[in-house]
Amino acid sequence: MPLVAHTPLPSFDKLKERGQEILPLDRALTQDIRELHVGILNMMPDAALQVTERQFMRLVGNSNQIAQFYVHLFSVPGLGRSEETQAYIDKYYTTFDAVKRDGLDALIITGANVANPSLDQENFWQPLTEVIEWAKENVTSTMCSCLSTHALMKYFYQIDRIKRDTKKWGVYEHFVTQPFHPLLREINTRFDVPHSRWNTVTREKFEDAGLTVLIASFDGEAHMAVSPDQLRMIYFQGHPEYDINSLLKEYKRDVMLYLDGQSDLPPYPENYFSIEVREIVDKFLEQSRLAMEQGDPLPEFPESDLLPHLDNTWGDTAKAIFNNWLGVVYQVTNVVRNLPFADGV
Numbered sequence: 001m002p003l004v005a006h007t008p009l010p011s012f013d014k015l016k017e018r019g020q021e022i023l024p025l026d027r028a029l030t031q032d033i034r035e036l037h038v039g040i041l042n043m044m045p046d047a048a049l050q051v052t053e054r055q056f057m058r059l060v061g062n063s064n065q066i067a068q069f070y071v072h073l074f075s076v077p078g079l080g081r082s083e084e085t086q087a088y089i090d091k092y093y094t095t096f097d098a099v100k101r102d103g104l105d106a107l108i109i110t111g112a113n114v115a116n117p118s119l120d121q122e123n124f125w126q127p128l129t130e131v132i133e134w135a136k137e138n139v140t141s142t143m144c145s146c147l148s149t150h151a152l153m154k155y156f157y158q159i160d161r162i163k164r165d166t167k168k169w170g171v172y173e174h175f176v177t178q179p180f181h182p183l184l185r186e187i188n189t190r191f192d193v194p195h196s197r198w199n200t201v202t203r204e205k206f207e208d209a210g211l212t213v214l215i216a217s218f219d220g221e222a223h224m225a226v227s228p229d230q231l232r233m234i235y236f237q238g239h240p241e242y243d244i245n246s247l248l249k250e251y252k253r254d255v256m257l258y259l260d261g262q263s264d265l266p267p268y269p270e271n272y273f274s275i276e277v278r279e280i281v282d283k284f285l286e287q288s289r290l291a292m293e294q295g296d297p298l299p300e301f302p303e304s305d306l307l308p309h310l311d312n313t314w315g316d317t318a319k320a321i322f323n324n325w326l327g328v329v330y331q332v333t334n335v336v337r338n339l340p341f342a343d344g345v
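For the sequence shown, position 319 (counting from the first letter as 1) is numbered 319 according to the working numbering, and the numbering increases by one without interruption.
Hints may be right or wrong, so weigh each one.
Stated by the list, open to error - Here are the computed lysine to aspartate or glutamate pairs in the DMTMM-like style, where the Cα-Cα straight-line distance is at most 20 Å:
{"id": "1", "residue 1": "K168", "residue 2": "D311"}
{"id": "2", "residue 1": "K319", "residue 2": "E133"}
{"id": "3", "residue 1": "K168", "residue 2": "D219"}
{"id": "4", "residue 1": "K252", "residue 2": "E276"}
{"id": "5", "residue 1": "K168", "residue 2": "D264"}
{"id": "6", "residue 1": "K91", "residue 2": "E137"}
{"id": "7", "residue 1": "K154", "residue 2": "E173"}
{"id": "8", "residue 1": "K205", "residue 2": "D219"}
{"id": "9", "residue 1": "K249", "residue 2": "E270"}
{"id": "10", "residue 1": "K154", "residue 2": "E137"}
Just so you know, these hints were derived from the structure itself, not from any lab.
With these hints in hand, go ahead and build the complete structure from the sequences.
What follows is the structure in structure tokens.
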């Protein structure tokens, strides 16, 4: 069922332009259809803030449950926003106080950029933990992405993420470990997931904490795990929400930093660039080197030429998992609106 445009958030119009079904509030209020209220705590950096909100809103809106989806975006202090981004948040996002007052059926917590060696040293740590404490008692299910998974593992279980020798960056094959789990109903048993991270929580640490690993990668890492009650807290280390070009934009950013002398030349994202893409990128890099030697302006990064050669091999599975998740939340909240928290986190 559709997302309900209950605020003037610009992402509603942009999603509609891309074919997403968006229901105006006045029409939604005339229909006798159950509402499902989903919060998104968006902690992503300024450049990715609006893209991330649209990615998760699209996954919510593509679920086919018999419900109208009201998405409530909010953020927390301590994330070092620019004046422009903070003004956008102040104008279009709600507040955590309002979320607590009105309640949520489900919550998504995004990743974030960090600057300190330990997550509890970040300026956003305290306000984030306030959201976590409220959610574990008042939200039927909370889904965490990447950095927020690492934050909750530290907060609940005192498990620190560890630095990988190399960045896990690209698209990786995964497999289902619990095929009969309701969150994995009728999804592919093997599928891809994008990752972009330097840090990890090992599969053994998830399992030692009493969590159930539902999806793992063939290199031995856990991608998706759930709390002992199998629903209250859901943890992702990858990025099922990514668009087909999300890794390409990260690569473009890093290449431009390299050409500006601020970093080393980044490797290709693994299992993502085809031979055709690599040839186009190599040609661009060679043209850029010649331009710098001759003192000429750099050529434009060939993003539009690369896009037709990229494949999305994860979107259908991500959509199915979100559909299952919100379907379970729908069923549970049909029985009782505020389940008591039990059996660990």
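Hints versus structure:
1. K168 to D311: Given that 20 Å is the threshold and the Cα spacing comes to 19 Å, the pair holds.
2. K319 to E133: This hinted pair is violated, its Cα atoms lying about 28 Å apart.
3. K168 to D219: Given that 20 Å is the threshold and the Cα spacing comes to 11 Å, the pair holds.
4. K252 to E276: holds, 16 Å
5. K168 to D264: Holds: K168 and D264 sit about 17 Å apart, inside 20 Å.
6. K91 to E137: Given that 20 Å is the threshold and the Cα spacing comes to 29 Å, the pair is violated.
7. K154 to E173: violated, 27 Å
8. K205 to D219: holds, 16 Å
9. K249 to E270: holds, 14 Å
10. K154 to E137: holds, 18 Å
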